[in-house]
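Kindly produce the complete structure, drawing on both the sequences and the hints.
There are 2 protein chains.
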Amino acid sequence: MRCQVLSALINYCLSINQRLKNEKPMSFYPPERTLMGPGPSDVNPRILSALARPTIGHLDPVFIQLMDEIKELLQYAFQTKNELTMPISAPGSAGMETCFVNLIEPGDTVIVCQNGVFGGRMKENVTRSGATAIMVEDEWGQAIDLNKVRDAIKSNPNAKALAFVHAETSTGVMSNAAELCAMARAADMLSIVDTVTGLGGIDVDVDGWQADAVYSGTQKCLSCVPGLSPVTFSERAAKVIKNRKTPVQSWFLDLNLVMGYWGSGDKRAYHHTAPVNSLYALHEALTLLKEEGLKNSWARHRLNHLALSAGLATMGLELLVEESARLPQLNLVGIPEGIDDATVRSDLLNQFDLEIGAGLGVLAGKVWRIGLMGYASNPTNVRLCLAALENSLIKQGLAIAGGIAISAANAVYNK
Amino acid sequence: MRCQVLSALINYCLSINQRLKNEKPMSFYPPERTLMGPGPSDVNPRILSALARPTIGHLDPVFIQLMDEIKELLQYAFQTKNELTMPISAPGSAGMETCFVNLIEPGDTVIVCQNGVFGGRMKENVTRSGATAIMVEDEWGQAIDLNKVRDAIKSNPNAKALAFVHAETSTGVMSNAAELCAMARAADMLSIVDTVTGLGGIDVDVDGWQADAVYSGTQKCLSCVPGLSPVTFSERAAKVIKNRKTPVQSWFLDLNLVMGYWGSGDKRAYHHTAPVNSLYALHEALTLLKEEGLKNSWARHRLNHLALSAGLATMGLELLVEESARLPQLNLVGIPEGIDDATVRSDLLNQFDLEIGAGLGVLAGKVWRIGLMGYASNPTNVRLCLAALENSLIKQGLAIAGGIAISAANAVYNK
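Chains as they are written, first to last, in the working numbering: chain R, 713 to 1127; chain Y, 713 to 1127.
In case anyone wonders, no lab produced these hints; they're calculated from the structure.
What you were told as hints is all true, and nothing was included just to trick you.
Which copy is meant is left open, so a pair is good if it fits within one copy or across any two.
Listed next, the in silico DSSO-like pairs over lysine-lysine satisfying Cα-Cα at most 27 Å (straight line): (1) K835 with K954; (2) K957 with K835; (3) K866 with K835; (4) K1078 with K979; (5) K979 with K835; (6) K951 with K872; (7) K793 with K954; (8) K979 with K951; (9) K1078 with K1107; (10) K793 with K979; (11) K866 with K951; (12) K1127 with K1007; (13) K1007 with K793; (14) K872 with K954.
Here's what the structure looks like:
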């Protein structure tokens, strides 16, 4: 009896102790994931280390030097000489909004191509800028049909801009940016290009395309932390911004003001407080890209994509995008009949600390999106992903032979 | 002769080598500054270390937990139960814009108090939202005159909101937020409060004030890296946002959409990619604040402010804001006759790696802004700043006795 009371008392004390512990706020330690979804992708440790360097002021002369270097490195990544090239201090969606609210005015017409989620978001941006969006729609998973765009341009010769997604993050589709930009220019329209998922993974040739406004993200093939959006504007676009009739509806994204800070010269006017540490990280990410070289980076993305595809094929898993339009950095994989989407993704996350992406919008439940972006585009990740998928699919009763997928990938590497 | 040729050759090779080295892109290593300007402030090493933890996905279940914790910690910091409390994925200016574009519609009238730079920025936000700003102006360096505001409310009974700056970063002035919010509520207007520099350093009592929309920044008294803007909205404000007649002009900042991601429950809809690592840092910053306790943090800010003031007084340097309106975390110091602003600031930066702030707008060249914010609010920084200023002012010929300032500060600490 006494023993029971004692034991109850001890338990009570332990429980109080636990509650006290729980009341103390706790630091957060994330698990170590392998990120093979549609982004963020794995961040190179060199970039994480740059991120954690001591913060300095956003008007410190040393920081101004850093900004100049970032601008130059972004010009390298975008393959452009555009003076108006910089990172917006917010994620890719804000980069998109920067392009629309600066170039478009109430009453304008914009032709918007939609073949996935992000064309739809462009439409939202157009209408919220007080303009009219003429939609050119293609099936999700298909590249933009150039003929349809040609027709839309013919029917709307006074449209101010043609907006499209070069690398559709929701479908893994690459569209023909060179042709689309050329069509816009021939019709004297501005081109607005979303290449959030493209930059660093495939050819983004801003000057070659004569693109007018291009935005990207840091958390895809640049393998940097999410939160910044590199943008670049042609001289033609810069003139349009300077000569607007109405003020830009966003103060924060008004490039006429932002340029006072990101422009050239020693004197930089304070506009907003720059995200200093994130910019350290972006600088390191771009430095890594330059060390590797653009072409080598594209080739690496392509090779790992081929190896992954070969492995997936052994399991009967199909890439849903036709070969010519596939983004090597983002693979759209059909979910086999009878296999539960969420179960497999949880399996991968819980058993392998491996994240792959779910389908978005009309493709939800029908596809996985397997990213091989930036630092995450490497043979180890390809092998891990194949092994994990094989394991999970066999567990769910799919009749496939185990152990073959990795060999198929290896064969691609050993060619 | 042969020796000269050899030497020339060697020099040539060395110079080529140097050029090759220079062409290799280089990582960026910032100097280690002490940040005593108007922000960013010194970041606690615990926060920098949290920042560099491995990135995980923005839809990872573990990340969703982190978001819930951040929300709770922000509610603690803001002293509110507001459900609609979260960090905006961009700097303080975007937090400001979030409040205006979500609450204000074209045709609305907003009473805006201006007693520094940021009231002017509020005006910009009002007009860019298609609304009319009724300005209530006070001298820069003065608190907002409540009588003027009362008159403006009387003259504009149909105004939708009263907007004001609680803690003016450009002048170091604190205004009476409790009274101003009460006046707004009595007149059935929404209150919009800028406390970018306030949160964590002085009492920000969102529920006590019955404030409707409050925004802050991470890089001031939270001592976190710049790039995020905590915001909180009352239920009344949330209803106004839900019942808008027109869509929010910004897609990125539309809280009706953002809430699908930051709302409660297990299912979070993707809106934009959250700045994952910056949110690790914010979580750690808020954890540190909770560990210390709000009141202890305010008391620490006040004590260091008193010590700094005592030291400055020995040099004849005056605080320009009257005592009752002084922000302890941001001290507006008049520049003595004959002393060159820029020379002193360069001196501090180059000799002591110490950053203090210049005057903004009408106060440029007339004042310094010395921040004692968050982690940077400590006795060592107070002493460093006093010693550095003393040294620089004596060098410039100001007739003051050296070595007294620190003793005066110490006397405050030893009380």
